[in-house]
Amino acid sequence: MPFGLSMVGPVIYTFGTPEQKAKFLPRILSGDDWWCQGYSEPGAGSDLASLRTKAERDGDHYVVNGQKTWTTMAQHADWGFFLVRTNPDVKQQEGISFLLIDMKTPGIEVRPIITLGGEHEVNEVFLDNVRVPIENRVYEEDKGWTCAKFLLAHERTGIAGVAGSKRGIEKIKEIATTEMDGDKPLLSNPFFRRKVAELEMDLTALEYTELRTLAGEAAGKGPGPESSVLKIKGSEIQQRITELALEAAGHYGAPYFRGFGEGDNEHPIGPDWAHRTAPSYFNVRKTTIYGGSNEVQRGIIAKMVLGL
Amino acid sequence: MDLSYNETQGMLRETLARFLADTYDFESRKKMLASPTGRDPGIWKAIASELGLTCAPFAEEHGGMGGGAIENMIMMEEFGKVIAIEPWLQTVVIGGGALKHAGGALAEATIPAIISGDAIIAFAYAEPQGRYNLADIGTTAKADGAGYVLNGHKGVVYAAPWATHLLVTARTGGGRRDRAGVELFLIEANRPGITRRDYPTVDGFMASEVYFENVAIPGEALLTGGIDLIERVVDEATVAVCAEASGIARTMVNQTVEYTKQRKQFGQPIAKFQVLQHRMSDMFVEAEQVSSMALMGTLKLDEDAAARKAAVSMAKAKVGRSLKFVGQNAIQTHGGIGITMELGIGHYFKRGTMIEGQFGSIDHHLDRFEALSYPA
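If you're matching them up, the sequences are chains A and B in order. As numbered in our numbering, residues 1 to 308 make up the first sequence, in order. As numbered in our numbering, residues 1 to 376 make up the second sequence, in order.
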């Protein structure tokens, strides 16, 4: 449950009021609330600070109007954390606030976006005169960019996905041990084997980079711009794993299996892992785009780390 | 060296390009894919009988225009530009190619039906255990009187749900992976004992698992030539998908350039960022390599088998690499919208990705090229 536990949770326990902590943190820990993230907008992707969804005060409420996009799992979410513009008259980054919005509030409409593998993971979220109590604002008004950046740094460490990639590589090795290439297992094919080894090497380097970041955090250093290193390497490794799985599937990467719908008990086509390989490969192209595209991460390293 | 097309070839390209521009816009293609049969049969009929394009690569004695691989390359490149799902590759390049090379009564009878658009052929060659080895075949064709009896399972047979005929590789003798004993048969797709499990493919086609259970076929169904014929036909098909890849890669480059001119971030079109300009320049360079290798492979198809195989493998490996580079960077440069079904670019990426593995992966073809070109 990354959106609650590792994204909005740290924002609330770092910047929230005692009331906000008491209200939200236990339900994040228990898993009672599913969270989604209202950051990107159709016109504000890499240039997140140009966001235009606005929140205007009306008594003890904000009235929110605008559109968010790429909102992962919004169709299941109980709560969302949203970046909204509360002051249009100052520098972009200085007029943004961080709001917690109950997704059942009238005026919220969630529309699916279907991605290349056929999945419904992300959504557009339309906000039409959505009334949000002012007490649901985290940190000061117009200072939400501070929370936003803090959260993004946390997202980047999580986004490295070391554990998931370890599992991915183990799965590839397992597949390549049973999948045959002529009279030998695929893992004996020198080309395939070399690619698996290279992946494992790169993942180990990433893992130790992450351990160094975490050690720094334990010593009281919050994840800073170095977390961009984790995001870049982690996302690329995730993509290479799916690329290799698709290669292992051979001809059986092509069948599109609609999945196990209700009342559908058909067996997938080919080896039981193969039908997921192409959709995963397509889907995982997202990792170098989301959470601040890898171009943005390189910009952060150039500016914040190298001082260019 | 004159690499320009003659007048007839230029006309072929024009005719098909104009027709596809009218029939294969994004919305129409989407509708076709979503229809119960996954295609619009009228389009194939029009390509064959109204436009008369299917006759291009066939000899005059079969009712053709006397063309060959170049004509197929031209057509495939145009199909690639609109990611058409028409069965040209399976029917004309593969089915037609096998019949042309084998000749005989079956060719006399079937080629006119291909040209008229009445025959659609699917190529049932891959098997679940075989990967890219064309001789790794468990499907058997047992001699039975004057004919044969087919038993076995063919996997991921593109266009099989639409086919009137199946072109099947099967073993009349020898052990699994032996080159000797592998033969090619052309049979009606509705013969008793043939069952299919149909499904869509991730790149927009329809395909099937095809099962043969004691399928009786006549002796005349055999196309003589064995594994050598099969390899030749697959090499021709491999080069044809390289040409398709050329159309796809060019279109992905163009669409990416257009998108970055429209898409604004940080107060300017993202095309203004040097990092994206350089990336798109690299994509353009790689797309050019795809076109060059499609041409090189096509021109070498008539060389002796060893030279042909080496050239085709070199072409396909390079095309696979360049196509991957162009496709991945096209999606990355589009950002989130590139991963959705809403824009064409993702659909080009999907077909391009499948071409990377079709008739052999990059590694497979580099391996074959090395084996044929360098001493062990």
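Honestly, the hints are just simulated from the structure, not real lab data. C-beta: ideal position from N, C-alpha, C; glycine also. One or more of the hints may lead you astray.
Stated by the list, open to error - Quick list of simulated restraints, FRET-style, between CB atoms:
hint	chain 1	residue 1	chain 2	residue 2	range
1	B	Thr164	A	Arg258	20 to 30 Å
2	B	His278	A	Thr204	25 to 35 Å
3	A	Pro225	B	His278	18 to 28 Å
As the list claims (entries may be wrong) - Calculated lysine-lysine pairs in the BS3-like style (CA-CA distance at most 25 Å, straight line):
hint	chain 1	residue 1	chain 2	residue 2
4	B	Lys272	A	Lys195
5	A	Lys143	A	Lys23
6	B	Lys324	A	Lys171
7	B	Lys272	A	Lys173
8	A	Lys149	A	Lys54
9	A	Lys91	B	Lys272
10	B	Lys264	A	Lys54
11	A	Lys303	B	Lys272
12	A	Lys143	A	Lys221
13	A	Lys173	A	Lys303
14	B	Lys324	A	Lys303
15	B	Lys264	A	Lys91
16	A	Lys149	B	Lys30
17	A	Lys221	A	Lys303
18	A	Lys173	A	Lys184
Unchecked claim - According to the in silico footprint, chain B covers these stretches of chain A (three or more CB under 8 Å from chain B):
hint	segment
19	178 to 184
20	287 to 296
Evaluated hints:
no.	hint	in the structure
1	B/Thr164 x A/Arg258: 20 to 30 Å	holds (27 Å)
2	B/His278 x A/Thr204: 25 to 35 Å	holds (31 Å)
3	A/Pro225 x B/His278: 18 to 28 Å	holds (24 Å)
4	B/Lys272 x A/Lys195	violated (36 Å)
5	A/Lys143 x A/Lys23	holds (22 Å)
6	B/Lys324 x A/Lys171	holds (23 Å)
7	B/Lys272 x A/Lys173	violated (43 Å)
8	A/Lys149 x A/Lys54	holds (19 Å)
9	A/Lys91 x B/Lys272	holds (23 Å)
10	B/Lys264 x A/Lys54	holds (20 Å)
11	A/Lys303 x B/Lys272	holds (19 Å)
12	A/Lys143 x A/Lys221	holds (22 Å)
13	A/Lys173 x A/Lys303	violated (39 Å)
14	B/Lys324 x A/Lys303	violated (31 Å)
15	B/Lys264 x A/Lys91	holds (19 Å)
16	A/Lys149 x B/Lys30	violated (40 Å)
17	A/Lys221 x A/Lys303	holds (19 Å)
18	A/Lys173 x A/Lys184	holds (14 Å)
19	178 to 184	holds (count 4)
20	287 to 296	holds (count 6)
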